[in-house]
Amino acid sequence: MFNKILIANRGEIAVRIIKACRELGISSVAIYSEVDKNSLHVRIADEVYLIGPSPANESYLSKEKIIKLAKEIGAEAIHPGYGFLSENSEFIKMVEESGIVFIGPSSKSVEMMGEKTSARRLMEQNSVPIVPGTIEPLNDYKEGIKIANEIGYPVMLKASAGGGGKGMRKVFNDSEFEESFNRAQNESLKAFGKSEVYIEKLILNPKHIEVQIFADKFGNYIHLFERECSVQRRHQKVIEEAPSIFVDDETRFKITKAAITAAKACNYYNAGTIEFLMDNNKNFYFLEMNTRLQVEHPVTEMITGVDLVKLQIRIAAGQKLDIEQSDLRINGHAIECRVYAEDVDNNFAPSTGRITHHRLTSGPGTRIDRGIDLMSEVPIYYDPLLSKVTTWGRNREEAIARMKRALIEYQISGVITNIPAFNWVLKQKTFLDGSFNINFLDNEFMPLVPGKWKEDSADEIEDVAAIMGALLKQKNISLTTSKNDIPETNQWLNQIYE
Amino acid sequence: MFNKILIANRGEIAVRIIKACRELGISSVAIYSEVDKNSLHVRIADEVYLIGPSPANESYLSKEKIIKLAKEIGAEAIHPGYGFLSENSEFIKMVEESGIVFIGPSSKSVEMMGEKTSARRLMEQNSVPIVPGTIEPLNDYKEGIKIANEIGYPVMLKASAGGGGKGMRKVFNDSEFEESFNRAQNESLKAFGKSEVYIEKLILNPKHIEVQIFADKFGNYIHLFERECSVQRRHQKVIEEAPSIFVDDETRFKITKAAITAAKACNYYNAGTIEFLMDNNKNFYFLEMNTRLQVEHPVTEMITGVDLVKLQIRIAAGQKLDIEQSDLRINGHAIECRVYAEDVDNNFAPSTGRITHHRLTSGPGTRIDRGIDLMSEVPIYYDPLLSKVTTWGRNREEAIARMKRALIEYQISGVITNIPAFNWVLKQKTFLDGSFNINFLDNEFMPLVPGKWKEDSADEIEDVAAIMGALLKQKNISLTTSKNDIPETNQWLNQIYE
Amino acid sequence: MNEFVVSLNNNKHSVRILPDGIVEINGRKVKADLSQINNCAFLLMINEKPYEIVCNKLDNGNFGLLLEGWYFETTVRTRLQETVAELMNNKLMESHKSDFKAPMPGLVLKIKKNKGDKVKIGEPLIILEAMKMENELRSTAEGTITSINVTEGISVEKDSIILTIEK
Amino acid sequence: MNEFVVSLNNNKHSVRILPDGIVEINGRKVKADLSQINNCAFLLMINEKPYEIVCNKLDNGNFGLLLEGWYFETTVRTRLQETVAELMNNKLMESHKSDFKAPMPGLVLKIKKNKGDKVKIGEPLIILEAMKMENELRSTAEGTITSINVTEGISVEKDSIILTIEK
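Residue numbers (our numbering), protein chains in the order written: chain E, 1 to 498; chain U, 1 to 498; chain W, 1 to 167; chain R, 1 to 167.
One should not assume that every hint holds.
[Stated by the list, open to error] List of simulated lysine-lysine pairs, DSS-like, C-alpha gap at most 30 Å:
no., chain 1, residue 1, chain 2, residue 2
1, E, 404, E, 427
2, W, 110, E, 429
3, E, 108, E, 37
4, E, 320, U, 427
5, W, 110, E, 190
6, E, 65, E, 282
7, U, 429, E, 4
8, E, 4, R, 110
9, E, 63, R, 57
10, R, 110, U, 194
11, R, 110, E, 37
12, W, 101, W, 113
13, U, 37, W, 49
14, W, 49, E, 475
Because the hints were derived from the structure by calculation, they are not lab data.
Given the sequences, and given the hints that come with them, work out the whole structure.
If you want it as structure tokens, here you go:
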């Protein structure tokens, strides 16, 4: 087993990995950018190094600096988390060549699955169903229009290098095509450094169902069942759950089998997720493979009892899978809500600031994974995910009841969060009866933004808020607002690593 | 189902019950004493009423006031939590007669099991093994000495009305007997209002194993496996776990069967726990039945997935058990540490004050049940239990690793807690290999008090503490110490209920 | 100053703070009692019901309130201030002038209109990049663009005025 | 005053605070950097290792420090104060006088000794009731009881002097 692991990430996932290291008795090394000096992941690591200025490409995306640091301090392995360099096959290759273990799949597997069109080709060859469309990048928008007419509108333009909803555009007719094509290319270039896009037929009102798989370096493969992540806004997952109430035993058998086939096709090891779209008739289509830990991994952990991050580390250290497929069964139901620093009613603008109050929720069946703590900064530079609230119940109803309870208890001040919007979602019939698909938020929530969705809140609550406002004004109570309200004794030593 | 439940308790268990009410959509009513006005259980309830002055016998033990309040505000049921009035058969009878549902067993069952000597008689009649000793209270110390000589020293003197370690004394020879007898009687009188004590042979180095049972009002009984609570100080449980690694399948079959026999013997319904002592050879002896929810119920919840408090409420509302014995199996391992406000090195003196900082632990397999939040008072009047940290793992090793991690993350300021002592316990061979018995702390920890047990902490940590001390002094940093540092805007309205 | 008009959720509430912990909300009297937990968190008792409320002061001096899982932005004015505000507002309405502000900090990628262009509600005005996403900002007013204060490639702060539309 | 003697765990540590964020601990130089999180919580960096530390000031002016799951009570003195304290302590030792203090607040149930009694270490002195438990307090010194400051049935505060023993 490793003695020291460098975590090439920040926020809640860095914190999650540090906890896993601590439970395994491994020394954890955090890196941080200038703005993150008070971050929770920095506070709780065993060793910390300033890696560079705040912009990600000068810090968390700085391949050479990270690998050089790992070597100098004797880290035997690097955990990339998700995002940043986690699916960057070039980085993984550099890590492999430097003699450090990458906690994840081989650069080869990542390369095979990272380029979406070649991944689609590979799946087709292995009889894993794919969404109709091209298996090569488009040369130009004119070719795209031709193909769109062949497979029929509406279509999706997607970044070949993509993932996570970036560089994706729906197109409904020829006249929209050119601009959408340019925008998708631009976003793709910015997010992934490559502008190539391809085309897929738009599956109408599908569900997003994904399968967690795991493999060791000895060719043993298991799956840890499916997750449903259909509650999305702009292709970004917002609420995830496991299992999916839409998936029956027969479908589960088929989709998990397809997932393992997909993983085997790229000689995969470590944790991976195969994402599928599922239509009304429970037909499913390969969407992409995420060759890393997912944001939503806690729901799988809660229904299987398997600590995925610790398992990742063990597999990377060369251990065999100590779980067989027959050891696993679905225990209860888990739901995760992603708490973002965003102002829903202000065009979902990211909300930045310093965390001035943070009261976690607690009690039975409740878990929080968080990157924030008192006085940590929520900067503009990175993904605005603050924390994840996950609840478990013997069944879906209990998990939902606990989520409602947990969200009411959870208090964050200093930034505006999307917690209130979950309150709305968790009350909707479409969500409660499980009939929602990936257009649920766009169709039912977005028309109520800004503000109208709040009219759901009881009049009583409005009265209380009004009284509170008046009392604050009358008593002239000073509230923590600015960053200067909190004492700061002195500056950190400059530990820039160069 | 009930619309409104009054919770006749405070602290973490009141908070726990309020959470269950919220998940069931039931309105929760909290009562509080004067000193508890800022308590967490008051903050999160749906309705709150000041019940009286701070001393428990004028507030939380005030039977008449509580029942009168429940009737006036239309509460259909009362949940007693543990301690206070939870096993007071007189109170339960009053509740029953007032037409309000008591969330727990019938007053009759409680009476049968509450008087320890008659409970021992009942068990003997039903072939549940009991610890050798008297099944009648002692008339005087002279009779006690006679019996002690018959069954052989050492013996235990116990309060007939007892429970929770109060009114218990070990006696090793005739010369100690009289004073121990008087002390046990005095404590018993103070704790339970009755001075009667009886005698039991002291089982040498036993383990404390207890079985959680549940029954509905239709005669259906289930057990939820055993808990081991051998880590005790002065007969007070400190660390509990489920399952016990000492109990094998055969013993589990026998002891759970005995527990259900015991419950049936008193026509029990709702949640109950049968406590046993188990010797080296896995012989077990009935100790007592706790006719209420236990402090340590979370470990059972975590290995079975059953929410015991919600089940209590459902059973009380007249529902049938919706779980059969065959539905239940042990999933993984759970451990609970009871966080007390006590100064271990100062003779375990209770530490009182105001909570000025409270950072919860979070992440996978971690649960906190807590009665405290920012600015709540820890008063001298009640049990010094602040919160309970429970961790779950696929096996005992993982649960322990998570507990160590969780305790390092957990921060409380304003009172001194026993958290550091858990750090010591969780590192001991006797604890890790499972060979501990109820004398573990007395034999291995107590000789290191005060202070010596801390020498386990690394030199490195001592150096850091020394540097911190010097910096605090040099920079003259002001720390929150007194109750006046926190702004208080105005006084609560007087809502004394009389 | 014990009489306030609190605007939230597009509603206006009248709040009078009376002696002895009594508050009148929209003509209804309740007991109200406030305890402060820390610089942001409060416990407000309304009759026998407790509410935990987390408050923050917004850049514009208004309050953001989080309670029971809901978040409200409130504007609190004394009765006098409210009257003045209403007058001002009416004047502003008359001027038909509307500032289009940046809803978030970001980088101006593209300006899709020119000074003098007529725009309708919902028409795309600019593309702002934030958090690596391109956000198309659409007009919230109808009229003619009378000034544009940004150029492509520059960063803007939240609430900075991007352009002005007059009817 | 940049030189301190910090007593904890029965050990004394010498700490010198040097310029440029350097601290010398028992002769060893380290980089040390302190950030304050709130009124109790701090982040202390020692070289590249972070420590979260929760601090509180004790009644006697000393500090209680919680870090990595351990709790220490520390007495911090400047080098000069330490020298004075040592002198005082020696004097106290010479006087052979020892105050027996209440380790917790509670009710005096029973006083088992009288003024003038000789006692040994470990001998029961009084029974104090706290949290509904009877606590037998035993002597921590050997000698003769020269004064008893409490009577049965009264309540005592923590650290109040119950009786005095002289050798």
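Hints and how they fare:
no.	hint	in the structure
1	E:404 with E:427	holds, 9 Å
2	W:110 with E:429	violated, 40 Å
3	E:108 with E:37	violated, 35 Å
4	E:320 with U:427	holds, 28 Å
5	W:110 with E:190	holds, 15 Å
6	E:65 with E:282	violated, 47 Å
7	U:429 with E:4	holds, 26 Å
8	E:4 with R:110	violated, 58 Å
9	E:63 with R:57	violated, 45 Å
10	R:110 with U:194	holds, 20 Å
11	R:110 with E:37	violated, 57 Å
12	W:101 with W:113	holds, 15 Å
13	U:37 with W:49	holds, 13 Å
14	W:49 with E:475	holds, 21 Å
When each numbered hint is compared with the structure, violations occur for hints 2, 3, 6, 8, 9, 11.
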